[in-house]
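So the protein sequences, as listed, match chains H and D. First residue of the first sequence: 2, per our numbering; consecutive thereafter. First residue of the second sequence: 2, per our numbering; consecutive thereafter.
Calculated directly from the structure, the hints in this document are not laboratory data. Where hints are given, some of them may not hold.
Unchecked claim - From the structure, some residues in chain H lie toward chain D, with a derived Cβ separation under 8 Å: (1) Gln14; (2) Phe33; (3) Gly155; (4) Phe177; (5) Leu188.
Computed from a predicted structure; not experimentally measured. The beta-carbon is built from N, C-alpha and C at its ideal position, and this holds for glycine as well.
There are 2 protein chains.
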Amino acid sequence: MDEAGEKVVSSAQLAGRCMVNAAQVRKDLAYFGEFGIRGVGYYVKDLLADIKRILGLNREWRMAVIGVGNLGSALLSYRDFLKQNYKIVAAFDIDPPKVIGRVSEKLGKPVEILHVNRLKEVAKERLIEIGLITTPPSEAQKVADMLVDAEIRGILNFAPTQITVPEGYVVKDVFFTTILDNLAYLLSNYNEGRR
Amino acid sequence: MDEAGEKVVSSAQLAGRCMVNAAQVRKDLAYFGEFGIRGVGYYVKDLLADIKRILGLNREWRMAVIGVGNLGSALLSYRDFLKQNYKIVAAFDIDPPKVIGRVSEKLGKPVEILHVNRLKEVAKERLIEIGLITTPPSEAQKVADMLVDAEIRGILNFAPTQITVPEGYVVKDVFFTTILDNLAYLLSNYNEGRR
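Same shape as in the complex, but just chain H (with noise of 0.2 Å):
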């Protein structure tokens, strides 16, 4: 919205955004301070500012992509990351064809693609604290132990399988299966439910 150019959305407008109910809308955020004013709603800006700060998004988070494949590439050309303060600073991978100088030139900065045998130092130098991992499913506990061992603590892991780390790394998979399967039952009970 704020891109958008507008300035001021009532609590109804944001619930229809979000599909909620308007009390919710309001009540979940009187939780953390009053940002409302009665008879005018929240000013966007104003509102993002707070929403940003509640959820610890007012700072830039820098990330590495481990495994330039398709869906690495994908993801290193990205752009809705940009806009949100997501910003790919490396990216690894094994096979040299692709390590030595091929470079996303898809956004302004091209990443250059670097030997995944050069994680941890270069994880400290760019202050990475986020890894994509984009490699196949058998690689990618291998990586997961070498995000580890260069303490970046937070793992977005796109490979479709189970990965471990200790306690104080934080893993979140994105598997596509996962959602269709989810897509799929939706279907499957509208089906019967017409049936």
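We have chain H already, so just place chain D on it with the hints.
Just chain D now, kept in the frame of chain H:
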């Protein structure tokens, strides 16, 4: 486990993999019938078939990718889909150089990229039930409308914008930045916990 050749699994082993407790696993499965054998556990092959049946996953789902940029190409060659009976049977774009002749050769069978104005016709011919939107956000709603017009009832939306569909259609969003927001929040809180 089936792929690894394992024949039998206990509720404790299942619980360990899912990071829940064994009693919960037994209770959840018992809700759908009697699958386990006391003192033995579950037969892996049988349990897999039963769960697939329960979740409506014991069939093939035919899918189309709309938008063959980096992410669309990545999905076209995403091996895990095939393993799970999700089959991409068509790919669409609007960009002539992509539409003419370019195919994905990563999987066994190449997928021809068609102009998006053939979506409705091809959806019927190829019995497409799920559409994956991988266009820029500015085009996502337009594509969603075309999917609805083609009566493709399931949508997996990768474009970072909200889309709306009529009742009877199901949308699942895959917003990488939203997942990162969640990870960033957990990392921030963990930091605070340590201070």
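### Query
Can you give the numbers of the hints that this structure goes against, from lowest to highest?
The structure conflicts with hints 1, 2, although it agrees with all the remaining ones.
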